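Engineer: Order-wise, the sequence lines are chains D and X. My numbering applies: residue 38 is where the first sequence begins, and numbers increase by one. My numbering applies: residue 37 is where the second sequence begins, and numbers increase by one.
Quick caveat, the hints were computed from the structure, so don't treat them as lab data. Be a bit skeptical, because a hint or two may be false.
Reference listing, derived: stretches of chain X covered by chain D, where coverage requires no fewer than 3 residues with Cβ under 8 Å from a Cβ of chain D [claimed, not checked]: (1) 161–174; (2) 250–263; (3) 275–288; (4) 291–300; (5) 335–344.
Some residues of chain D that are not near chain X, with every Cβ distance over 12 Å (derived) [what the hints assert, rightly or not]: (6) 81; (7) 195; (8) 277; (9) 279; (10) 325; (11) 354; (12) 357; (13) 365; (14) 485.
Derived Cβ-Cβ restraints for the label pairs, each shown as a range [to be verified]: (15) D:159 to X:260: 20 to 26 Å; (16) D:160 to X:279: 46 to 52 Å; (17) D:160 to X:260: 54 to 60 Å; (18) D:494 to X:271: 41 to 47 Å; (19) X:261 to D:159: 21 to 27 Å; (20) X:279 to D:164: 19 to 25 Å; (21) X:260 to D:272: 53 to 59 Å.
Note that the coordinates shown come from a computational prediction; the quantities given were computed from them, not determined experimentally. Backbone N, C-alpha and C define an ideal beta-carbon position, used for all residues, glycine too.
So the chains spell out like this:
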Amino acid sequence: MGGLAEAMQPLNFMMIIIGCALGLLIGAMPGLGSVNGVAILLPITFIVPPTAAIIFLAAIYYGAMYGGAISSITLGIPGASTAVATVFDGRPLAQAGHADRALTAAAVASFVGGTISVVLFTLFAPPLASFALRFGPAEEFALMIMAFATFIGLGGDDIPKTIFSILIGLVLAAVGLDIISGQPRLIFGDIDGFLHGINFLVLAIGIYGIGEMLWTLETTKGEVMVHKVQISLDRMKSNFKDIKNYIGTTSLGSILGYFVGTLPAAGATPASLMSYGLAKTFSKDPDSFGKGNVGGVAAPEAANNAASTGSMLPMITLGIPGSPTTAILLGGMIIWGLRPGPLLFTENPEFVWGLIGSLYIANFATLVINLAFIPLFVKILTLPFSILAPIIYILCVVGGYAPTQTMHDVWLMLLFGVVGYLLRKLNYPVAPAVLAIVLGPLAERSLRQSLLGSHGDVTVFLTRPISATCILIALALICYPVIQKLTRRRRRNLGMGQGQG
Amino acid sequence: MCNVFSKIKKAAVPVAIATAASLGLSAPAMADWSPKKPVELIIMAGAGGGADQIARLLQGLIEKKDLSPRPIIPINKPGGSGAEALRYIQDKAGDDHTILVTLNSFYTTPVIQKGIGVDVSNFTPIGRMAIDTFVLWVNSGREDITDLDSYVAAVKAAGTNWKVGGTGTGQEDSILTAMMEKEFGYDVTYIPFPGGGTVAKNLVGNHVDSTVNNPAEQNEFYRAGETKPIVQFTAERLPAYPDVPTANELGVNMEYYMQRSINGPPGMSKEAQDWYINLFKTLFDSEEWQKFCTDDGLACHEWLAGDDLGAYHTQQIALHKELIETVGATAITGE
Numbered sequence: 038m039g040g041l042a043e044a045m046q047p048l049n050f051m052m053i054i055i056g057c058a059l060g061l062l063i064g065a066m067p068g069l070g071s072v073n074g075v076a077i078l079l080p081i082t083f084i085v086p087p088t089a090a091i092i093f094l095a096a097i098y099y100g101a102m103y104g105g106a107i108s109s110i111t112l113g114i115p116g117a118s119t120a121v122a123t124v125f126d127g128r129p130l131a132q133a134g135h136a137d138r139a140l141t142a143a144a145v146a147s148f149v150g151g152t153i154s155v156v157l158f159t160l161f162a163p164p165l166a167s168f169a170l171r172f173g174p175a176e177e178f179a180l181m182i183m184a185f186a187t188f189i190g191l192g193g194d195d196i197p198k199t200i201f202s203i204l205i206g207l208v209l210a211a212v213g214l215d216i217i218s219g220q221p222r223l224i225f226g227d228i229d230g231f232l233h234g235i236n237f238l239v240l241a242i243g244i245y246g247i248g249e250m251l252w253t254l255e256t257t258k259g260e261v262m263v264h265k266v267q268i269s270l271d272r273m274k275s276n277f278k279d280i281k282n283y284i285g286t287t288s289l290g291s292i293l294g295y296f297v298g299t300l301p302a303a304g305a306t307p308a309s310l311m312s313y314g315l316a317k318t319f320s321k322d323p324d325s326f327g328k329g330n331v332g333g334v335a336a337p338e339a340a341n342n343a344a345s346t347g348s349m350l351p352m353i354t355l356g357i358p359g360s361p362t363t364a365i366l367l368g369g370m371i372i373w374g375l376r377p378g379p380l381l382f383t384e385n386p387e388f389v390w391g392l393i394g395s396l397y398i399a400n401f402a403t404l405v406i407n408l409a410f411i412p413l414f415v416k417i418l419t420l421p422f423s424i425l426a427p428i429i430y431i432l433c434v435v436g437g438y439a440p441t442q443t444m445h446d447v448w449l450m451l452l453f454g455v456v457g458y459l460l461r462k463l464n465y466p467v468a469p470a471v472l473a474i475v476l477g478p479l480a481e482r483s484l485r486q487s488l489l490g491s492h493g494d495v496t497v498f499l500t501r502p503i504s505a506t507c508i509l510i511a512l513a514l515i516c517y518p519v520i521q522k523l524t525r526r527r528r529r530n531l532g533m534g535q536g537q538g
Numbered sequence: 037m038c039n040v041f042s043k044i045k046k047a048a049v050p051v052a053i054a055t056a057a058s059l060g061l062s063a064p065a066m067a068d069w070s071p072k073k074p075v076e077l078i079i080m081a082g083a084g085g086g087a088d089q090i091a092r093l094l095q096g097l098i099e100k101k102d103l104s105p106r107p108i109i110p111i112n113k114p115g116g117s118g119a120e121a122l123r124y125i126q127d128k129a130g131d132d133h134t135i136l137v138t139l140n141s142f143y144t145t146p147v148i149q150k151g152i153g154v155d156v157s158n159f160t161p162i163g164r165m166a167i168d169t170f171v172l173w174v175n176s177g178r179e180d181i182t183d184l185d186s187y188v189a190a191v192k193a194a195g196t197n198w199k200v201g202g203t204g205t206g207q208e209d210s211i212l213t214a215m216m217e218k219e220f221g222y223d224v225t226y227i228p229f230p231g232g233g234t235v236a237k238n239l240v241g242n243h244v245d246s247t248v249n250n251p252a253e254q255n256e257f258y259r260a261g262e263t264k265p266i267v268q269f270t271a272e273r274l275p276a277y278p279d280v281p282t283a284n285e286l287g288v289n290m291e292y293y294m295q296r297s298i299n300g301p302p303g304m305s306k307e308a309q310d311w312y313i314n315l316f317k318t319l320f321d322s323e324e325w326q327k328f329c330t331d332d333g334l335a336c337h338e339w340l341a342g343d344d345l346g347a348y349h350t351q352q353i354a355l356h357k358e359l360i361e362t363v364g365a366t367a368i369t370g371e
């Protein structure tokens, strides 16, 4: 409560509003990302007292989380890695003229995710911190297996094609230096650029930005629809009525997101992807996912906001930042003389709760700012494609260049764009490949650490209670869509009398 | 691989000449150069570790004291025991806007992983910020381990089931682990994690049995009573652990330190080098930095910069080559 009161001070409140607005802008710019943004804005935090500074950084962090969703939905380019899953359904919704629905869903889900996670944090932080300690390499790997299992449900009807897509992603994730021995691998002879691995955003921007543009060009033959979206009060009302359709997925995604966020290895990106996978697996209408289901926007958005609150926990108690942005926050803490560790909670409670309180206020401010600006964001879509396409193209190139600042990545991004387009033409799901490149390195590391420790004995994953539970859930997740599909097919066959079987 | 190697060698020659030339005249004059765009501060280890904490503290101090016209952006490149970062810096030859904060893997990784084709003697030395120390840690729950003898006995009883957590094969803690294996005649399983923070977490969570961590990485867990120090690898007991013996006191001749220095890519311009030397000298002398050193068991008495640091690097490279030869590269890589 003290935290909330602190956050409502005039100076702090102003920092929240400025921070949220800047965060939105930073998050919405592909490639700029919250890391560079927060780093560049760090100086501002030295002219105000530490509490206001933390609040400012938290507000940027939160704003960026949502800003990523804006470009994902309106332009189809993920502004940040945490917003990739938002593209899956956000973009189709926007193309069908429902951008306002998707944006409202993203704002509301983010808010719900933020709220649920703050409540969970307040109630369960200490027990969860000790639970997170029980996650060793074996448990981390089992969790990754669980995440991969949710992919199976992601790929649509064709399970072999989904698995193929996952495998492509895993191979791409393996490019670079071996994480244990440090030897270069899969660098295609001696192409230096590959030594640094393949950046996940390069793949995502290529496939979703460039690939999508090529696809739109082909399907519309250049004469492109201009969406005339009139935002009326009635429409806003129906958008809000919509909430009941995704509140379930949102709550589930928030709890999952918070939990995944508290694990030091994971963070907001895997959380949002897993949440999307789960939402699809347990949806009554899984086929509509990827074609424009609001639940597919709400689930990852709820999870990534919840995870960003969750990732404060390992940062505060273990000094392990769950994301690059929290790493900057951690740097700020060290400068102000606050050492992360198990004692910070008891020795500096006003800092910890001030931070959580400010996250909550930032959360609320982002909701208000966003809802107010939806009509403006939707206007972007009324631009004719001949104007929009070059803008998207430029943003993609900038986004591909920014993370590592090499032309190598720009060429790679364009290549992925063409490949993404071809895969889509051949009806391969691309989402699983994107997910595999995010989780691949995490899974590989924990697998190899576990096997080193057990001298190559794979039963280590089954003999430890937490990892065994995760593996069982993973098996259930894999079987669920398969069984569902089989029973549905049988029903269809029965309906058709003697089908082709 | 051969191709990479020869290409780099060719590129390295003019670069080496350029560096040598630039080192020739080290007038400490205030340079007219200053950063024209954000400076990348590359960390050759993961987030949360000792190098990471230092980099972020330095970045913060630069911003706070307004010492740079452009922001300094810390970037973690922990892959392959720092190989990723070293290679990145080497590929940035001639760049004035990229600097590296080092660990001792700066010396060892290029020796152990010849495949990456990096020669750090071409890098532009800027300044040595601190000398870091090492302590052997176990989980406080291990009541059977109270001193070095009981530790060695416990490791010998467990054999290769004893898991030592570290920051990567070839990193300084893996060298110390290999030195201990040789000294005490046991064999452990070494498991690499991305950064000292994660190592500490895995020790607290009992996923590894012991670690050789820097004081900064364990201090908070030690204060919380979750881990305990067994032996220090320093000449004298650190003020932070007055009751913990040094290896030398116990008759085991083992002393090992790690430098924390700032270096630029090969062929950084003389003006830029001077500007950075000036910048980090200011930071080194600052009250905040000296306080950080005292709190974290770092030695920050002697400032080394430019040529002097280059000479120190040369000496350390030779020392590490010798160490690696003594314990055997395979003992470190575990292959």
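Engineer: Each hint should be assessed against the structure and marked as holding or not.
Structural biologist: Now the hints, each set against the structure:
1. 161–174: violated (count 0)
2. 250–263: holds (count 6)
3. 275–288: Since three or more residues must qualify, the claim that chain D covers the region 275–288 of chain X is violated, with 0 doing so at under 8 Å.
4. 291–300: violated (count 0)
5. 335–344: It is violated, with 0 qualifying residues against the three required.
6. 81: Violated: least Cβ distance 9 Å, not greater than 12 Å.
7. 195: holds, 34 Å
8. 277: holds, 40 Å
9. 279: holds, 39 Å
10. 325: Consistent with the label, residue 325 of chain D stays out of reach of chain X, its closest Cβ about 39 Å off (over 12 Å).
11. 354: Per Cβ check, residue 354 of chain D is inside 12 Å of chain X; nearest 9 Å; violated.
12. 357: With a cut-off of 12 Å, residue 357 of chain D comes too close to chain X, as the shortest Cβ separation is near 4 Å.
13. 365: Its Cβ does come within 12 Å of chain X, the nearest being 7 Å, so this is violated.
14. 485: Non-interface label on residue 485 of chain D violated, nearest chain X Cβ at 9 Å vs cutoff 12 Å.
15. D:159 to X:260: 20 to 26 Å: This hint holds: roughly 22 Å between Cβ atoms.
16. D:160 to X:279: 46 to 52 Å: Cβ of residue 160 of chain D to Cβ of residue 279 of chain X: about 39 Å, so the range 46 to 52 Å is violated.
17. D:160 to X:260: 54 to 60 Å: violated, 22 Å
18. D:494 to X:271: 41 to 47 Å: At roughly 42 Å between Cβ atoms, residue 271 of chain X and residue 494 of chain D fall inside 41 to 47 Å, so the hint holds.
19. X:261 to D:159: 21 to 27 Å: Holds, at about 25 Å.
20. X:279 to D:164: 19 to 25 Å: Violated: the Cβ-Cβ distance is about 33 Å, outside 19 to 25 Å.
21. X:260 to D:272: 53 to 59 Å: Because 54 Å falls inside the window, the suggested range holds.
Going down the numbered hints, you'll see the structure goes against 1, 3, 4, 5, 6, 11, 12, 13, 14, 16, 17, 20, while the others check out.
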